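Peer 1: If you want the building blocks of each chain, they are given just below.
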Amino acid sequence: MEPVHPPAIHRNSMVSVDPKQSAASPVIEVVGLQKSYGSLTAVDGVSFEVQRGEIFGLIGPNGAGKTTTMECVEGHRRPDSGKIRVLGLDPVRQGRELQKRIGVQHQDAQLQKRIKVWEAVDLWASLYEAVMDTDLLLEQLGLTEKRNAWFMTLSGGQKQRLFIALALIHDPEIVFLDELTTGLDPQARRAIWSLVTGIRDRGKTVFLTTHLMEEAERLCDRVAIIEHGKLIEMDAPAALVTKHCPQRGVVFSSDTAGVREAVEGIEGLTELSAEGEVYTLLGTGDNFVSGVLDAISQNQIRVRDFRTEMPTLEDVFLKLTGHAIRD
Amino acid sequence: MLKGFWKLTWVEVKIFVREPMGVIGTLAIPVVLFIVLGKLFQSDAVLGVQMPAGFTAPFNVAVFASVFIAVGAVLSLVAIMSIYREGGILKRLRATPLSPLTILGSHVAVKLLFTALGLAALVLAGKRLLPGLLDVPLLSFSVAVLFSTLSILSVGFVIASLVPTARFAQPVGSAIIYPMVAISGLFFPLAALSDGMQLFANLLPVTHAVGLMDGVWAGGDWLALWPHVLGLLVVFAVFSALSAKVFRWE
Numbered sequence: 001m002e003p004v005h006p007p008a009i010h011r012n013s014m015v016s017v018d019p020k021q022s023a024a025s026p027v028i029e030v031v032g033l034q035k036s037y038g039s040l041t042a043v044d045g046v047s048f049e050v051q052r053g054e055i056f057g058l059i060g061p062n063g064a065g066k067t068t069t070m071e072c073v074e075g076h077r078r079p080d081s082g083k084i085r086v087l088g089l090d091p092v093r094q095g096r097e098l099q100k101r102i103g104v105q106h107q108d109a110q111l112q113k114r115i116k117v118w119e120a121v122d123l124w125a126s127l128y129e130a131v132m133d134t135d136l137l138l139e140q141l142g143l144t145e146k147r148n149a150w151f152m153t154l155s156g157g158q159k160q161r162l163f164i165a166l167a168l169i170h171d172p173e174i175v176f177l178d179e180l181t182t183g184l185d186p187q188a189r190r191a192i193w194s195l196v197t198g199i200r201d202r203g204k205t206v207f208l209t210t211h212l213m214e215e216a217e218r219l220c221d222r223v224a225i226i227e228h229g230k231l232i233e234m235d236a237p238a239a240l241v242t243k244h245c246p247q248r249g250v251v252f253s254s255d256t257a258g259v260r261e262a263v264e265g266i267e268g269l270t271e272l273s274a275e276g277e278v279y280t281l282l283g284t285g286d287n288f289v290s291g292v293l294d295a296i297s298q299n300q301i302r303v304r305d306f307r308t309e310m311p312t313l314e315d316v317f318l319k320l321t322g323h324a325i326r327d
Numbered sequence: 001m002l003k004g005f006w007k008l009t010w011v012e013v014k015i016f017v018r019e020p021m022g023v024i025g026t027l028a029i030p031v032v033l034f035i036v037l038g039k040l041f042q043s044d045a046v047l048g049v050q051m052p053a054g055f056t057a058p059f060n061v062a063v064f065a066s067v068f069i070a071v072g073a074v075l076s077l078v079a080i081m082s083i084y085r086e087g088g089i090l091k092r093l094r095a096t097p098l099s100p101l102t103i104l105g106s107h108v109a110v111k112l113l114f115t116a117l118g119l120a121a122l123v124l125a126g127k128r129l130l131p132g133l134l135d136v137p138l139l140s141f142s143v144a145v146l147f148s149t150l151s152i153l154s155v156g157f158v159i160a161s162l163v164p165t166a167r168f169a170q171p172v173g174s175a176i177i178y179p180m181v182a183i184s185g186l187f188f189p190l191a192a193l194s195d196g197m198q199l200f201a202n203l204l205p206v207t208h209a210v211g212l213m214d215g216v217w218a219g220g221d222w223l224a225l226w227p228h229v230l231g232l233l234v235v236f237a238v239f240s241a242l243s244a245k246v247f248r249w250e
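Chains A and B, in that order, give the protein sequences.
Note that the working numbering gives residue 41 to position 41 of the first sequence, counting from 1, and the numbers run on in steps of one.
Note that the working numbering gives residue 130 to position 130 of the second sequence, counting from 1, and the numbers run on in steps of one.
Derived by calculation from the structure, the hints in this document are not laboratory data.
Only a predicted model underlies this, so the values are computations on that prediction, with no experimental measurement involved.
Glycine residues also receive a C-beta, built at the ideal position from the N, C-alpha and C atoms.
Hints are supplied without guarantee of correctness; some may be wrong.
Stretch-level coverage of chain A by chain B, calculated; a stretch enters the list once three of its residues show a Cβ under 8 Å from a Cβ in chain B [stated by the list, open to error]: (1) 88-100; (2) 126-140.
With a straight-line Cα cutoff of 25 Å, these simulated PhoX-like cross-link-like pairs (lysine-lysine) come out [stated by the list, open to error]: (3) B:Lys7 x A:Lys116; (4) A:Lys146 x A:Lys159; (5) B:Lys127 x A:Lys100; (6) B:Lys39 x A:Lys146; (7) A:Lys113 x B:Lys3; (8) B:Lys127 x A:Lys146; (9) A:Lys100 x B:Lys39; (10) A:Lys116 x B:Lys245; (11) B:Lys7 x A:Lys159; (12) A:Lys116 x B:Lys14; (13) B:Lys127 x A:Lys113.
Chain B with its partners taken away, still in its complex shape:
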């Protein structure tokens, strides 16, 4: 079943880096965003009060930048799959022994690889430019980001399988993902939402992604964060299974 997986993944990595704008967008923009926002919120002028040592922004800038990377990966996956379908690339791959699962899996692997690279760039830049900010369990945090990205990507598979054209994929993907981010607890606590909305937010993967990242950032134990881990796992299982059902070659 995984025949061709590594080769296809490697080819897709090479194809991705041959488009310099895509690489800049994936690797450089989140870093710039992180540094700029980090500097901004570390300065007293922004909030007008003296911030305690360590992290000071109204929201966790590192989690924000990580969610930005994850969302970018998902939207990029949706765009690539819809372009591949519209351009008949999937149709050509169909006439080979490659399975849809292998094709999706390869693209997910590429996205996770660049998510990891983006995160590494973020950490390297942050250590230099935002001293003190990243004195957290970074390895654990990185795993949380990748795990969260994988789960949100599974929603991307389904979007990618359903949107009819590449031009339509961009707005549809954004329209689904961004509202999830808005009520994820990233910008304001979930408790600020009504009970119904809180329940709804807890069905969404981004909410659990933010919960897990926030928790790990604060030094929380993975076991203690099990509701978020479970939430992300369930979303991944359901949407992966669904995408195998709704996958369209053309």
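This is chain A alone, in the form it adopts within the complex:
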């Protein structure tokens, strides 16, 4: 997805930032964001930064305040209090300038039922000074065959791909994607995921929300967990798992005698249970799994089946909030 007219796109001096400088400077800064609707506090003192070139995910259950937070950052909602800077701009006061430099995919926004795919792309392209090659964009998003189709006839996945195309058309520096894959089948979801990593690989920053933990884990460089309007934890998914759910599981089955004695002394073992020939070992530490493997090989234990169970972001969420995210 290379821009076809890179010089045109970088003509604006504000767009071209010294890479050395940009590596350390956040493109989004949010401090103490507060937003209420009547008596309902949707966002309650949220602070975070997003770095250039990363995929940053706001994760949490529906109604946690993800979309409100994102819309405040985009400049589409006015915060009650708090400070927001996006690309150094104030989203409320410098909203028009900001809209030219960000791409937005809203969760519940649609298009005219009978607009054709190419017409939507053409209309969007006409609104910006420098745009990507729209034919190439449609091709890369797998929409070339649907050029002449009405919006209402597209599948869910095709609609989302079109929305991504519209969000990318002006080659924005930051792309906002709100619940992008909700309601899509697993195959369409995977296709969208590879598109999103493709956006990052082109040096763009991606800010997304999702309530799908697998999506967050696969896509995001860093995630912020938000619940009841409060940001409760933020880090790389793997770091969060290591921090909050260090326990790993090893499950194997064996008919060899003396398994229990062989594995009892393994470093980091916290729990051992056996059900017939199936043994379940729980433990912590980086050496735990290799300790199990060593014990199996040294004691010549014949293993018919072996698997490890790693905790996921889902487990982290459960531990931090006391409930599963889909509740």
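Let chain A serve as the given structure and place chain B on it in line with the hints.
Peer 2: Below, chain B without anything else, positioned relative to chain A:
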């Protein structure tokens, strides 16, 4: 500010004609209404007396059909804007450099285009089927209809900006527009109203629309009809400004 105006307008025209029922409703129904009513009131049987040559109905059928077209355009604008808002289409457009004014302007342009087409269809059919009836300054009359439609559309902007849902838009739009038509002088002279009601009626755009159309139809000069022109202009200015203030994206 007008970035994307022509493209959006053209896209909206194409989208509109892709819904055949909407096109039939906009272009064919006023013509049928005009011809049927025209024939009916030209016949002696309806009123039971011999009518003088030329126009004979208890109200001006051409003005009636034109008001029908204008009102249809306004209600259609209200419906479309509320559907766009409820469906999140406006929300998506918001994330672009398009301004609310451009979006409203495009829809107004589409409505005016189809009003003009409806009027043309009316004239073509009338010339053939109602001989003699349309021997009036047609160009001037058409301009009066379009100008009136624009003014009434501005009231539509405000309704469209305020109604919360698409289903609610239809009855609210009708409830505001139809009473305006009823006391506009289209069906009975304004003089039949009490003084207070006459004053009220003169604040409404439909009254001035009917006044202007009637006047132009009768061969009146635009300069002589200035109170109606001014009335329509004031309504347009006030309600356009108001709609820019009350416009909601979602």
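Peer 1: Check each numbered hint from earlier against the structure, then list the numbers of those it violates in ascending order.
Peer 2: The structure breaks hints 5, 6, 8, 9, 10, 13; every other hint is satisfied.
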